[in-house]
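Take the sequences, apply the hints, and build the full model.
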Amino acid sequence: MKKVYLILAATVGMTLASCTNTEYVGDVDPNAQDKELKSDGIIRFTSSSNGMTRADHYGKDAATLLNNKFIVSGFKGAYGTSTVYDTDGAITTNGVPATGLVFDNYQVKWIGNTAGTTQSNSSDWEYVGYTAVAPSGIADNKQSVKYWDYSTDQYDFIAYSTGNATVITSGDPGTGEVLVVKAIDAANAGKTAGAYTLRGAAADLEKCYIADMVTAYKEAMTPVQPQYQDVIQFKFRALASKVRVALYETVPGYSVKDVKFYTDATANLGTATETKATLFTTGTANKDNFYTAGQYTVWFPTIGKDNISKSDYNKAHVAFTPETTGGKETTKDFSTLNYVAKESTEKTAGNIWLGRSSATASFAGLAANNYYQIAMPNEEGTVLELRIDYTLESIDGSGEEIKVYGATAFVPAIYAAWKSNYAYTYIFKISDNTNGWTNKADAATNTTDPAGLYPITFDAVVMETQDYTQSTITTVATPSITTYQKGHVYTDNEYDATKGKIYVQVMDNSVSPAVLKTDLNTKGALYEVAATNAKDKDGVVSEAEVMDALNVVETDGTTPRNGWTLTAVSGVTYPTVIPGADGNNITVAANTAAEFTPTAGTAGKVYAYVYTVSTGTQKAVGIANTYTTEPSDWSTSLYFTNKDCTTAAPSTFAAGVYYKKTYLDKGNVYGVKLIRIKA
Numbered sequence: 013m014k015k016v017y018l019i020l021a022a023t024v025g026m027t028l029a030s031c032t033n034t035e036y037v038g039d040v041d042p043n044a045q046d047k048e049l050k051s052d053g054i055i056r057f058t059s060s061s062n063g064m065t066r067a068d069h070y071g072k073d074a075a076t077l078l079n080n081k082f083i084v085s086g087f088k089g090a091y092g093t094s095t096v097y098d099t100d101g102a103i104t105t106n107g108v109p110a111t112g113l114v115f116d117n118y119q120v121k122w123i124g125n126t127a128g129t130t131q132s133n134s135s136d137w138e139y140v141g142y143t144a145v146a147p148s149g150i151a152d153n154k155q156s157v158k159y160w161d162y163s164t165d166q167y168d169f170i171a172y173s174t175g176n177a178t179v180i181t182s183g184d185p186g187t188g189e190v191l192v193v194k195a196i197d198a199a200n201a202g203k204t205a206g207a208y209t210l211r212g213a214a215a216d217l218e219k220c221y222i223a224d225m226v227t228a229y230k231e232a233m234t235p236v237q238p239q240y241q242d243v244i245q246f247k248f249r250a251l252a253s254k255v256r257v258a259l260y261e262t263v264p265g266y267s268v269k270d271v272k273f274y275t276d277a278t279a280n281l282g283t284a285t286e287t288k289a290t291l292f293t294t295g296t297a298n299k300d301n302f303y304t305a306g307q308y309t310v311w312f313p314t315i316g317k318d319n320i321s322k323s324d325y326n327k328a329h330v331a332f333t334p335e336t337t338g339g340k341e342t343t344k345d346f347s348t349l350n351y352v353a354k355e356s357t358e359k360t361a362g363n364i365w366l367g368r369s370s371a372t373a374s375f376a377g378l379a380a381n382n383y384y385q386i387a388m389p390n391e392e393g394t395v396l397e398l399r400i401d402y403t404l405e406s407i408d409g410s411g412e413e414i415k416v417y418g419a420t421a422f423v424p425a426i427y428a429a430w431k432s433n434y435a436y437t438y439i440f441k442i443s444d445n446t447n448g449w450t451n452k453a454d455a456a457t458n459t460t461d462p463a464g465l466y467p468i469t470f471d472a473v474v475m476e477t478q479d480y481t482q483s484t485i486t487t488v489a490t491p492s493i494t495t496y497q498k499g500h501v502y503t504d505n506e507y508d509a510t511k512g513k514i515y516v517q518v519m520d521n522s523v524s525p526a527v528l529k530t531d532l533n534t535k536g537a538l539y540e541v542a543a544t545n546a547k548d549k550d551g552v553v554s555e556a557e558v559m560d561a562l563n564v565v566e567t568d569g570t571t572p573r574n575g576w577t578l579t580a581v582s583g584v585t586y587p588t589v590i591p592g593a594d595g596n597n598i599t600v601a602a603n604t605a606a607e608f609t610p611t612a613g614t615a616g617k618v619y620a621y622v623y624t625v626s627t628g629t630q631k632a633v634g635i636a637n638t639y640t641t642e643p644s645d646w647s648t649s650l651y652f653t654n655k656d657c658t659t660a661a662p663s664t665f666a667a668g669v670y671y672k673k674t675y676l677d678k679g680n681v682y683g684v685k686l687i688r689i690k691a
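Be aware that the sequence shown starts at 13, since it is given in the working numbering, and climbs by one per residue.
Check the hints yourself; a few may be wrong.
[Stated by the list, open to error] For lysine to aspartate or glutamate, the following EDC-like pairs were computed, each having C-alpha atoms within a straight-line distance of at most 20 Å:
1) Lys121 <-> Asp165
2) Lys327 <-> Asp197
3) Lys354 <-> Glu413
4) Lys327 <-> Asp270
5) Lys498 <-> Asp677
6) Lys317 <-> Glu413
Because the hints were derived from the structure by calculation, they are not lab data.
Next comes the structure, spelled out in C-alpha cells:
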C-alpha cells in the first residue's frame, strides 16, 4: 500500500482492564480455622478486608483501615429457601420473624492485645458492652453477648465500615463525613431498596468498606459454608473503584505526538485543546455520568440456600443515586500523559511521543499511584467516549507532519460497568486506520473527506490478578468492533487459542449515544488472512489492507489485488450469554454478539472480523504500463489502449506499447478488526 493510505487509516484502540485483588486486610489468615473456639456456643466476629492495595494487612493494620470498628446486624433464618423470599429478593410474610433479629446494628471494635480476655473476643474484636449505633432498637443501646440458637437452621450477617470518615446519622454530610441514611435492614437486603444506605461526597465515600453477606448454617453445606460456632469472618472490600487511561501507537513509518482531548461530543472538530486525558459520556440517564456526590445503597440480589452454588451468592452490590443538585459530571480527566523519547530519527527532540505497544503505553497521571484515580462504582455502566486530535511525524528525520482531527472511540457500556474494588484500565491504540480527518476544514464542515472508512481500534483488557482476568479488544470506528476472550490480558499483543472462544460485538456510533449492532448474523463475517504473493511488502497485514483485499479484486471478482487472501471461516455462532471474568455471565441481546473458537498455526494465525457498513457500485479501474514482453494473461477483454479502458487491445501483443489492464473495485465500506493468535 502507499504510505499516505496507511496514514489515513490511523487507528485508535482501547484496552479496558478490571480486576479485584486477592490480598486480604485482616487479623488472621482468611483460610485458617480456629478449632479451639468451637466449644462454648458464643457468637464471635473477625474481619479481613480485601483492599485494592495489593498487600496483606492483618491485626492493627486492618483495624486502622476500618477505623478500629465495623457495624454488623445478624438475623436468624432470614433467607433459608426459595419459599422465604419472592422473585425480586423481598422477604415474604414467612421471612424474618419478629424474634429473628439478633444483632441490631452492633458496633464491633478492635482493642489490641485483648484476644481471649472475654468469651466473645477471640481475635481482638469485641462487641459486648459497647453502644449500638442509631437506630438500633435494643434497650439502652447496650450490646450484650449472643449465643448460637440450634433451634434455627441458619444465621445471616451483614456488615460495613465507614473507615476513617466520620459517621453522622442526621443532616447533610460535610467534608470528611458520611451520613448513614438507612441502618442495616434485613427485610430489604435482597431487593433494590437495599440493606443499608450511605451518603456523602465521593472523596468520603471512597473511605468506606462493604462486605458480602455471611450465612452460617447449622448443618454442613456443599459447597462449604460457615457453621455454628465458627468465628464469623467478614471480607471487607473498598466501596470505590479505580480507573486509569493510557494511549499507544503502532503507525508504520510515523510517531504520534501532541495529543489533544475533547470534553464533549458537540465541540467543532479540530478544536480540541485539553492536554489531560479525558473521557466523557453523552447519555441522559443518571447512569450516564461520573458520580461525585450522592448515596450508595448496598443490596444482595443472590441470597438463600437455593442459590448457594451460584458465583454471585451473598455478593454485595451497590446502586447510586446522585444528589438532586450536582453529584454527577459528564466528563472525567485523568491528568496529562507520560510521554516517552523518540523512536528513531524523528526531527523533533524530547520526551513528547506516545508509547509504541500496549505493554509500554503512555499512562495519564502519577506513577506513584500506579496511574489510577479513585472513581465511584456504576454497576449499570454507560458508553464512554474518547475523542482526540493528534499529530503524526515521520520517523525518517524529514520532519513531515500530518495532523488528524476528531478521531473518536467508544467503550461499550458492558465493559464500563464499574464495580466496587475493581481496577479498570482503558488503553487506546492509534494504528494505521482512523475515523478522523487529515483536513481540518473538512473535519469542521464534514463535507468532503469521509469519516468512518477506517476504524478506531480499542484494546479493552482486564488487568490480570489471581481472582479475575477479563480482556476485551474493541475496534471502534464507524462502526466499532469489540473482541473479548476470557483470560486475555492487555500485555499480550495476541490472543491465545488455548484460552477458548473469542466474542465479537459491534457498536453503531452513527447515533448518540452509541448502541450495539443487532444484525451480526447477516452483516458480520469472519475470515482467516494469509499472504499469497510478493505484492505484500512487509508480511504484516493491517486493517486497511484487509479492506483493500475485500474491495479491490482481479477481474475474476474474487482474487484480491494486494496479495492477501481472505478465507471465510465457518462455525461462527451468535450467543446471548458471554462469560464474565468473575464467574458472572454477561447477557446480551440476540445477534449483538458473535463467537468462534480460534486455532493456532505454526507461525501464528490472523483472523479478520468484518462488518459490512454499506455496499457500493462495482466499477472497473486499472493500472497502466508500457509492456516490453507479453503478459501471461494477455487478452482483449483485460487490456486496453486508452486510459478509460474503452478501446480493447489487439489480439496480437506489441512490445513497447502503452496498455492498461483493468481490475474491479467493489466500492463497499467495511468495519474491520484483526485478531492475531499466538503460534
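Do the hints match the structure? See the list:
no.: 1; hint: Lys121 <-> Asp165; verdict: violated (28 Å)
no.: 2; hint: Lys327 <-> Asp197; verdict: holds (16 Å)
no.: 3; hint: Lys354 <-> Glu413; verdict: holds (15 Å)
no.: 4; hint: Lys327 <-> Asp270; verdict: violated (44 Å)
no.: 5; hint: Lys498 <-> Asp677; verdict: violated (38 Å)
no.: 6; hint: Lys317 <-> Glu413; verdict: violated (65 Å)
Hint compliance for this structure: hints 1, 4, 5 and 6 are not met, and every other hint is.
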